[in-house]
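Construct all of the structure, not just a fragment, from the sequences and the given hints.
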Amino acid sequence: MSEVHAALADHGHEHHPRLQHHFDSLEQQLYASTFGMWVFLVTEVLFFGGLFMAYIVYRIWYPDMFVHASSHLSVPLGTFNTAVLIGSSLTMAYAVNAAQRGARPREQVIWLFGTMVLGAIFLGVKVIEYMDKITHHLVPGPNFHFEDPAYQATAQIYYSLYFALTGLHASHMIVGMVILAILAYKAAKGQFTAEWYTPVEIMGLYWHFVDLVWIFLFPLLYLIGGAH
Amino acid sequence: MEASIAKPTNYLNATHGAASWFLTKDHKRIALLYLISVSIFFLMGGVFASLIRLELLTPAGDFVSSETYNKFFTMHGVMMVFFFLIPSIPATLGNFLVPMMIGAKDLAFPRINLLSWYIYLVGGLMAVSAMVMGGVDTGWTFYTPYSTAVSNTHVVMTGVGIFIAGFSSILTGFNFIVTIHTMRAPGMTWMRLPLFIWAHYAASLIMIMGTPVIAVTLLMVVLERVLHFGFFDPTRGGDPVLYQHLFWFYSHPAVYIMVLPGMGVISELIAGFSRKPVFGYSFVAVSSLGIAFVGFLVWGHHMFTSSQSIYAGLIFSFLSYLVAIPSAIKVFNWTATLYKGSISWESPMLYAMGFIGLFTIGGLTGLFLSAIGLDLHLHDGYFVVAHFHYVMVGGTLLAYLGGLHFWWPKITGKLYYEPFAKVSAVIVFVGFNLTFFPQFILGYMGMPRRYHQYPEIDGWQVLNVLSTAGASILALGVILPAFYLTYSWFKGPPAGPNPWGVTGLEWETASPPPTANFEETPIVTRPPYAFTNEDAHV
Amino acid sequence: MSGHIIGNRFTYFLVFIALMVGTAVTVAVTYIHLGWLNLPLALAIATTKAVLVIMFFMHLKDHPKLIKVTFAAAFFFFAILVAHTLSDYLSREGHGMQTYPASGLVANP
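Line order of the protein sequences matches chains A, B and C.
This note's numbering puts the first residue of the first sequence at 24, with every later residue one more than the last.
This note's numbering puts the first residue of the second sequence at 129, with every later residue one more than the last.
This note's numbering puts the first residue of the third sequence at 1475, with every later residue one more than the last.
Fair warning: there could be bad hints in the mix.
[Claimed, not checked] Quick list of in silico lysine-lysine cross-link-like pairs, DSS-like style, CA-CA up to 30 angstroms: (1) LYS550(B) - LYS468(B); (2) LYS619(B) - LYS153(B); (3) LYS153(B) - LYS212(A); (4) LYS550(B) - LYS209(A); (5) LYS149(A) - LYS209(A); (6) LYS619(B) - LYS550(B).
Don't read these hints as lab results, they were simulated from the structure.
Since this is a predicted model, take the numbers as computed values, not measurements.
This is how it looks when you write it as structure tokens:
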């Protein structure tokens, strides 16, 4: 913020090697990065928001279809994945904490790697679920087949939403895991210290956001069937 | 050759070679990269506009087939809206000036800034390849179910191109917002920010709030075409009108992405050439945010003739009138600024005057269209075409040209030949009005848009010929600056730090500015546009 | 300034437990028949879980007001999208709630 800017502009200060030339201080740089990440998450909310909007309209139009179509999703697998993702948020929080404390590289890497493993388990389960939908002809399009002919047409809307929402979510996880791998590599080289850990912190925000999306997707996609 | 004395180092001569440009993190160089690329897209969009006007010269469809004509107006719209108007002012002038006006060394995320240019290029190249491969014929709005189920042109390629370019716009807006919040120089409080900054802040809000929605909407269209998903497919119970809601949630506010930065430019020009602070500074500043916000509440006025419910239509109609309030605040305050000002008529001021007049016509005709009853008659006709060209060409393009002339000496350090600039400003104004005013009349008489032929009645051809003639004049007016501005860059006399004698941090540093913008971080002690009595006699 | 917000590891663990309990509850509630109440209940639990993640894992509660307002703005604009779109869908003649032909238009030309 400009107040800090003012305080630092008057006197010279030591330059941390991580300080980019256009910032006056590491605090300003960290603030810009953190704020920037939150602004980015705002765009993500609205990015998913377009699909959620479509979900809302069709859930209002076809409540019965949603009950029937969602009954083909596995609640146990969905619950398991929810638990895995919440667990990965915990390990991510610990990874950020380790970097903030300037913990030994080994500890930082363990938490980052643990987050990746949990992410991989989530995606693995997702692949199993997708395979199941493919073998049961539940992918929208000419090969779509729904056992109740009354929903043959409209159930495709549910599955379009299902694949788009979970696919977009999964692609965010894949991107996140690539970044986690890079961060783990950097952490192993001891780049993150109590003084400078910005990448781990803003990656944490991203990962928690991905968790956040799933917290809504789970009840909205999986937990409709119980009502009948 | 001319001077062996060491010239002062500036952002242009600090480093050399192609890599120093294509890998630059300097916001000023990135602004120039954008300037060149948006100019190329503007040229392409302009070529399609000329082809459209050529076809409409005669009532018969004798120049191209209706299919080709559909592709012409689609490519014109896609190029102009997504690849020229949206990035035009923010990515060029905004990129150059936002850090300088707030006294920062660069944007908060210089690498992301460069990335946004590359993303823009990739998106643009995809759209151009779609065009080369045969084009797309859906209109720039990509309405479903035509775009998803009927059209056999390159919808996917173009859609993905726009999807990608959307992220460039998001990144620019994101960078501006973070920069304006965190990088202001000491003493640069919010109420001391130039109105250019306020306008860009408001436009950036729309970029980050709206653009993601159109990105995901185009993604849905692509999924529907490629993977046979069924979001908008009526044969599976989907609703094509839902597409229109999602599309206009962005694309209506997008109009304000185009015009708000233009209003920011005009505020600077009016203050600068009246040698007075902008009248009602805080109202003009906040009205930018007002326009951005109200802009999100009115999108349904594009859908009065869709199957949208009449109740929703009434709400959207009522709210659309509200846009007039913040817009009128700006226009009234600009004109009040002129009152008793020490006005001088340099070329940027001519563009600014053109903007005020044409934007006012564009805005007022928008009120006609917000009335549901009137819109039913005017919808999808030439009245609409004329209306939004008055806003986008009469507004954004004139502001863009005016701003480019105003800050050209800062960007290049050279002065252009002022008489040429004045002549071209007049040519643009005359050509523009001759092109688009007849279209109001045509639209009122019922001529629909997007048809390649029209009946020989009521003197429609006369009006169309006038419009085509005007387009040729307009084309001349926008091509001229390309020549004398480029010429001035190489041969123009040096400009000095502040050739116009105006206020603002960007004028307190050298022209062209050094890479870090300022020799030392400026400390701001005065409100913007603090002209003194001596300034009035310049 | 938002710099150097260091969370408590025990708090993180408690939040994790709360999220797990929330997940168990939301699954359990699905199998209890509450009619129209099921959906709002599921959303209420999801929102509670989301708030826990945002406030504790993402530390929004410790961030300056600017960041709080920024993130809230995202949901505000999403609410505009939903409210305005539904102003159309909920007031359409002949459509409204679940009266759209469930079998699609092709089946009933």
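Status of the hints after comparison with the structure:
A hinted pair counts as satisfied when its Cα atoms are at most 30 angstroms apart, and LYS550(B) with LYS468(B) qualifies at roughly 23 angstroms. The straight-line distance between the Cα atoms of LYS619(B) and LYS153(B) is roughly 28 angstroms, inside the 30 angstroms bound, and the hint therefore holds. Distance restraint check for LYS153(B) and LYS212(A): the Cα-Cα separation of roughly 27 angstroms lies within the 30 angstroms cut-off, and the hinted pair is therefore satisfied. For the suggested pair LYS550(B) and LYS209(A), the alpha carbons sit about 57 angstroms apart, so the restraint of at most 30 angstroms is broken.
In summary, the hint linking LYS149(A) to LYS209(A) is supported, as the alpha carbons are separated by about 29 angstroms, within the 30 angstroms threshold. In summary, the hint linking LYS619(B) to LYS550(B) is supported, as the alpha carbons are separated by about 19 angstroms, within the 30 angstroms threshold.
Comparing the model with each earlier hint shows a violation of hint 4 alone; every other hint is respected.
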